[in-house]
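Trainee: If you want the building blocks of each chain, they are given just below.
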Amino acid sequence: MQNEKVVLNGMAMQRALNRITYEIIEKNKGVENLVLIGIKTRGVFLANRIANRLKKLEDTDIPVIELNITKYRDDKKASVNSSEQVAENVVNIDNKNVVLVDDVLFTGRTVRAALGAINEIGRPKRISLAVLVDRGHREIPIRADFVGKNLPSSKDEKINVLVSEIDDRDGVEITKE
Amino acid sequence: MLGKRYLILDDGSSFAGEAFGDLSNATGELVVNTNLSNYQEALTDPSYHNQIITFVQPSIGNIGINPKSYESIMTSAKGIVVNEAENISFSHLKNMSLDSFLKERHIPGICNIDTRQIQKYVRKYQIKKASIVNSNDEHAFDQLQAAVLSNQQIRSVATSKPYLVPGTGITVVVVDLGLRESIIRQLSKLNCNIIVVPWNINFADIKNLDPGGIVISSGPGSPDEIDPIVIKNILAIQKELPLLGIGLGHELISIANGAKVSRMNFGTHGSSHPVLKIITNEIVYPNQATDYAVNPETIDSSKLIITYVDLINGTIQGIRSRDYPTFSVQFFPERINDLDDTLDIFDEFIESIEAHRRSINE
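If you read the sequences in order, they're chains A and B. Residue numbering for the first sequence follows this note's numbering, starting at 29 and increasing by one per position. Residue numbering for the second sequence follows this note's numbering, starting at 6 and increasing by one per position.
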């Protein structure tokens with residue numbers, strides 16, 4: 029049996045992205061030296077939306093790198109084709125302030141993998157983490173700097189982030205198996 | 006039978022109309038409200054303290070008087086000018102029409118005046134003061150010229166003692182400069198535990214209430230006439246707690262962060278101006294009631310980000326601090342003309358309190 033519960037509607041999701049955008053400006057003291065890195069798939073869409081917002085507010089184009097972390101995952105080692113590209117739209121990130129963007133922060137393993145992948149493309153001055161949802165249950169010592177919504181959840185729940193670019197609407201839903 | 010009355014303006018012109026409401030004479034700043042609805046809200050809004058409100062919408066009073074629409078228990082307007090005054094009551098408790106409401110609150114009205122004509126005239130000649138009088142003789146004009154409008158309006162409309170509007174959620178302190186009840190209503194809907202405090206409270210006393218965030222309310226008059234303690238408090242609050250400013254509160258937060266506020270030639274009172282929400286490129290039509298605006302040239306872009314702009318007159322309608330979770334809007338975030346696309350500014354505020362708490366707990 030599945031039942032869905034909407035925890036963030038489209039408007040609340042927009043608002044969360046707005047706030048994260050302002051907080052990035054606040055914490056980075058502006059947008060100079062800033063690079064966004066979105067973790068595929070939905071993290072990239074969220075990173076692009078933040079970049080659009082920064083463009084509107086600060087009239088500056090912030091590069092968005094699309095990160096493919098498959099190679100660095102700790103659960104799928106055998107199946108990985110190591111020639112797969114780790115990133116698209118790559119720009120120089122040496123000495124940059126990098127904000128890594130993902131949809132859901134759960135065990136922290138995805139982020140750990142992403143940090144490994146980032147290591148392959150450069151050495152940023154600082155990396156911070158922005159997530160739309162922090163659902164808890166960390167298995168490694170990782171925390172987010174910018175959080176859209178704290179969502180204490182049980183492990184058997186599934187959190188779905190929907191983005192209108194590839195889903196039919198914006199929102200965050202919980203489903204219980 | 007309605008008696009003859011006059012609306013006289015400080016340039017010597019006069020408009021004849023008929024009496025309704027209270028029969029006293031009144032002098033005040035003349036403002037023109039273009040909203041299609043919400044006349045009750047305007048009448049009870051402390052932002053209109055000592056002002057004579059001209060309603061451009063031709064039929065006023067057509068939904069009677071309902072206390073649920075009040076923006077304060079007291080009325081602040083000095084008088085009203087309308088085209089057609091409707092004598093309708095829907096109250097089941099007693100017969101309360103606009104006319105009887107004005108009589109009860111001792112507010113004079115004048116009707117059967119072409120208020121659209123007045124709007125054009127006032128805009129063209131930049132009228133400031135007006136009177137509603139029984140005769141438009143020289144004496145009445147002399148008195149209008151001599152009238153000095155109060156600059157101590159906050160003392161008349163804002164609370165002098167703190168009070169609590171209990172809720173089960175986050176504690177929010179509202180600094181009252183003459184607030185509209187819709188601010189309290191919206192915070193209440195979000196379950197906030199609201200403590201309304203007088204404008205001249207000390208920052209230490211605010212902190213002792215252990216709030217999650219602070220609101221600087223809207224209010225009447227010029228921000229330049231506000232006691233400097235409010236600016237001092239804003240500077241202290243923004244370093245430590247999330248801060249939201251509305252209307253006059255927005256003007257004061259802007260001043261505290263180095264901007265200047267000036268009086269507009271023609272105030273904006275209505276909801277017909279498209280306002281651009283810069284971050285998402287959305288257009289909203291908020292309720293506006295102001296004669297002042299933050300001067301864009303005086304914004305220090307190393308301190309403030311412009312967040313909302315009025316697309317008709319170019320005025321700044323919202324700002325945000327670069328360094329702190331502080332933001333403010335010139336307009337009133339509330340449901341108006343069946344649109345509620347600015348209401349979620351209060352959600353934004355509560356979410357920034359939650360984010361702020363997370364950041365200090367880590």
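Treat each hint with caution, since some may be false.
Claimed, not checked - So the derived list for chain B, only partly shown, Cβ under 10 Å to chain A, looks like this:
| hint | residue |
| --- | --- |
| 1 | D119 |
| 2 | R121 |
| 3 | Q122 |
| 4 | K125 |
| 5 | S277 |
| 6 | H278 |
| 7 | P330 |
| 8 | F332 |
Source of the hints: derived by calculation from the structure; they are not laboratory data. A virtual CB, placed ideally from N, CA and C, is assigned to each residue, including glycine.
Trainee: Now tell me, hint by hint, if it's right for this structure.
Mentor: Hints versus structure:
The restraint placing D119 (chain B) at the interface with chain A is violated, with a minimum CB-CB distance near 41 Å, outside the 10 Å limit. For R121 (chain B), the suggested interface contact is broken, since its CB lies about 36 Å from the closest CB of chain A, more than 10 Å. A cut of 10 Å between beta carbons decides the hint on Q122 (chain B): the least distance to chain A is about 41 Å, and the hint is violated. For K125 (chain B), the shortest C-beta to C-beta distance to chain A is roughly 36 Å, which exceeds 10 Å, and the interface hint is violated.
The beta carbon of S277 (chain B) comes no nearer than 24 Å to any beta carbon in chain A, farther than 10 Å, and the hint placing it at the interface is violated. Look at H278 (chain B): its Cβ only gets to about 20 Å from chain A, farther than 10 Å, so that hint breaks. A cut of 10 Å between beta carbons decides the hint on P330 (chain B): the least distance to chain A is about 7 Å, and the hint holds. Interface restraint check: F332 (chain B) against chain A, minimum CB-CB distance 8 Å, threshold 10 Å, status holds.
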